[in-house]
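Take the sequences, apply the hints, and build the full model.
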Amino acid sequence: MSTAAPAPLVTVRPSRARSATGLLRGTGSAGIASAAVIAVATLLAVIGPLIAPYNPTSPNLGLNFIGPSGGHLLGYDFEGRDVLSRLLAGAQSSMLGPLAVVIGALVLGTLLAVIAAWRRGAVDAVISSSLDVLFAFPGILLAVLAAAVFGAGLTAASIALAVAYMPYVARVLRGAALKERSQPYVAALEVQGASAASICLRHIIPNIAPLIVAQATIMFGYAMVDLAAVSFLGLGVQPPAANWGVMISENQVGITEGYPLPALVAGACIVAVVIAFNVLGERLFEQAQGAR
Amino acid sequence: MTSTEPLLAVNDLTVQLTVEGQRRPVLHQVKLDVRSGEAVGLVGESGSGKSMTARAIDRLLPRGAEVSGQIRFDGQDVRGLAGAALRGYRNKVAMIFQDPRAHVNPVRRIGDFMTEALRTNLGVPASEANKRAAAMLDQVGIADRDRRLRQYPHELSGGMLQRVMIAAALLTEPQLLLADEPTTALDVTTQAEVMAILDDLRREYGLAILFITHDLDLAAAICDRTAVMYAGQIVEIRESALMHSDPLHPYSAALAAARPDIASTAHRLAAIGGRPLSAFEAPDAECAFAPRCPHAAEICWAELPALVELDGGLSRCARAAELRGRLSAGLTFGGETGE
Amino acid sequence: MRLAFLGRRLAMLVASLLVASFVIFGALYLAPGNPIAALSGGRSLPPSSIRVLEARYHLNQPFLTQYWYWLSNALHGNLGISITLRENVSSLIESRIWTTAGLVLYASVIILVLGIGLGVLAGLRPGIVDTSALVTSAISAAIPSFVAAILLITLFAVKLRWFPVLGNGTDFVSNLRHFTLPAVALAISSLAIVARVTRAAIREEADREHVQTATSRGIPRRQLIRRHILRNAAIPITTISGITIASLIAVAAVVETAFGLNGLGAYLVAAAQSKDLAVVQGISLVLVTAFVVINVAIDLAYAALDPRVSQGRRAG
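Protein chains in written order, with the numbering used here: chain A, 1 to 292; chain B, 1001 to 1339; chain C, 2001 to 2316.
Keep in mind the hints are simulated off the structure, nothing from the lab.
Ideal Cβ positions, reconstructed from N, Cα and C, are used throughout, including at glycine.
Possibly wrong hints are sitting among the right ones.
[Said to hold, decoys possible] Just the calculated beta-carbon pair ranges, DEER-fashion:
no. : chain 1 : residue 1 : chain 2 : residue 2 : range
1   : B       : Lys1092   : A       : Glu190    : 54 to 60 Å
2   : A       : Gly193    : B       : Asp1138   : 57 to 63 Å
3   : C       : Val2113   : B       : Asp1187   : 47 to 53 Å
[As the list claims (entries may be wrong)] A partial selection of chain A residues facing chain C, derived with a Cβ cut-off under 7 Å:
no. : residue
4   : Val37
5   : Ala136
6   : Pro138
7   : Phe232
8   : Gly234
9   : Val253
10  : Ile255
11  : Thr256
12  : Ala263
13  : Asn278
14  : Gly290
Here it is, written out as structure tokens:
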């Protein structure tokens, strides 16, 4: 009918990529509520230190462990600092660390998974076996080792956790990428002469994107727990910097003295955000599975 | 030889299921008889309710199913059975299923699977049970039976697994076998073998069979009578031999005509226009097939036709009597309704 | 066929351990500065001590030779000497390993009994038991061990005074008391995960077609549950239980620190803080080995429970 160049064999790629709002709407009320909590936490991570009413790091000895009073909604911590301000300021490192972990693990994991799924055969076998061997290191252990070698700090811990999480991500994504790889449209694209890189980047990865997003969300929760644990152990964020994990360990002494509030509130923040990520991540995961 | 009452008598069986919060009818006033030693085919498309009927008979409906009507087996009311009486019933009525791989526990050995009912319900000691299982494997044509008994399901092919399922079903010496599309998941050659086994076993053990399938001719191969279901209702019950030459319902005629005959040339595959209705879409006050029926008349839209006896069979066509002789195969149905 | 599977799994175990030990050893060289600086943890040492370190770690030899010496020493139980305490790392580990082992064991029992128990109950009985179990487990799954630790200390040790706050006990009974709160803190989030997976597995198995087959043959409900639902669900349940128990090994460090228990984990953290590299390497090796061994045990259990795995798929 038309005199244009012959139409490509495959005109529409079966796309399972949905808009962000579409994904979110599909997670139900629990998912949306969780997303709201996450949004608040993210906001605080950005502006927290700016809106803190009092100085979150300089100590005021003599005011330690006074309960809620005056303009201090949550009282003072073990060094006489305003708990609320320290919580707000602590949101930054508490959220940034996990973000770095997730990005690192995702980039590496996706890369390896797609390469393994695309090449299959020997390359896949090598990558899969290597990943299997990497499963030997629990995240926290690697973080502690990194701290011993490179010194305590958020950077070393984040990198260690990213390396430890990467095999899990790669394993899940490899399975999905393999399924995608064997879809007929991929063969059609290959026949049309599309390069491996373009097929992977423009078709395979976008189609497994819902799964990637779900994985990332769930992983954020785990990373948050692990990093907070490392900071709690004194091997992550160093005091007097504000961080929820650090706040728990430094205020633990208050519990036996009858002032549990500072430590408990920091713990509550962690739990609230982790629950939000878990719930949202699970809903997204269900959606990603349901769509295939 | 035959008593007056059939071995299995289903009357006015209506089943409603709750699906996602909504109550949906899946069977409507199903009537079915199977006499002792008789093979009856139950034919219909997906969604017609044939599997559901078998499940209702074997008391395998999901929780929350609402059942009304009568099911009588060997003179007993089946729906009221419980406890030991129900288990006894289950030994006398055996069921085999469509996908053998999904229906056999993959972590238990074949021997365990086959003898479980014997050992549990009938208290047969293990050694004796294994002997009987081995003998039954012979009957269904499986060689090297002692090795097979020790193997796991994933080590057997689909066809072999189906034979194992048949053998297992027969170990409790049932009087009635409900076969829910046992050959649909198998390739054609294996299909023929399994059908032959079923036929042989029927003759040997005097077994009554309710053979469920979507293939009219397959049913005719071993069944004396055939029942046809559409949209959760029985629309015809007829002697298999007469189903092609003298059907009593337009839908059965259409099914019979739709199968391409290898001996003749068709310029166009016969198909019934429209799409099949599921049980829950079936209307209450008119014939369910009317929208697709080339013989539909005013009376068909007026009320739901009842099942009437005609020439030894049953038909739910309101115009069955007047259409007799005009429904036989040879008619082709085009894409539109209307004559 | 079974032997081949076993052989392969063991080969992977050895490979994992080799790689892990290589990473642990190699950390020495990843550290900024030269190995001596890393080993001394940044402290300044007299020349005689430096020579001792050089000899003990064979620092003049090529990298792989050093690794070989270190590894063979480790396999013989010689893990070096702590720079801070000047004692054998192995004996330091020995004195603390039972604390950690006891803690992990106690927590494992809680996880298995309560986690699987609750999961089975929720899976077999839909209704109120089920929904409340789901909600509780969703929340507790998100509570990290150290948060659980401070919650438990606040409530049970300080307010209610049912349990001591810190430290190890002296004999078995007092150990039980001292270890209860830590074990619960360690177990809480894992317990929730195990309960949820158990419930899901039971639900899934109960809906499977082979259960219908058994029902249609008149198998009584009790037996159905035991031989078909539970037995089949045992596969994913064992896997998740194994995985969560394996993860306890690392998290135990956090709980030990929070409760002041002198276990391997707490010691590892302290050594990391004081940059006592020999100790960190030694304990890491022990913990990683335990982790890998448990993972292999999980795989073997899975293969034992699911005949499709070890025998491979063959049509007869």
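Comparing the hints with the structure gives:
1. B/Lys1092 <-> A/Glu190: 54 to 60 Å: At 59 Å between Cβs, range holds.
2. A/Gly193 <-> B/Asp1138: 57 to 63 Å: Since A/Gly193 and B/Asp1138 have Cβ atoms about 59 Å apart, the given range 57 to 63 Å holds.
3. C/Val2113 <-> B/Asp1187: 47 to 53 Å: Holds, at about 49 Å.
4. Val37: 12 Å, violated
5. Ala136: 4 Å, holds
6. Pro138: 4 Å, holds
7. Phe232: 5 Å, holds
8. Gly234: For A/Gly234, the interface hint holds, since the closest Cβ of chain C sits about 6 Å away, which is under 7 Å.
9. Val253: Check failed: Cβ of A/Val253 comes no nearer than 11 Å to chain C, outside 7 Å.
10. Ile255: 5 Å, holds
11. Thr256: 6 Å, holds
12. Ala263: 5 Å, holds
13. Asn278: 5 Å, holds
14. Gly290: 16 Å, violated
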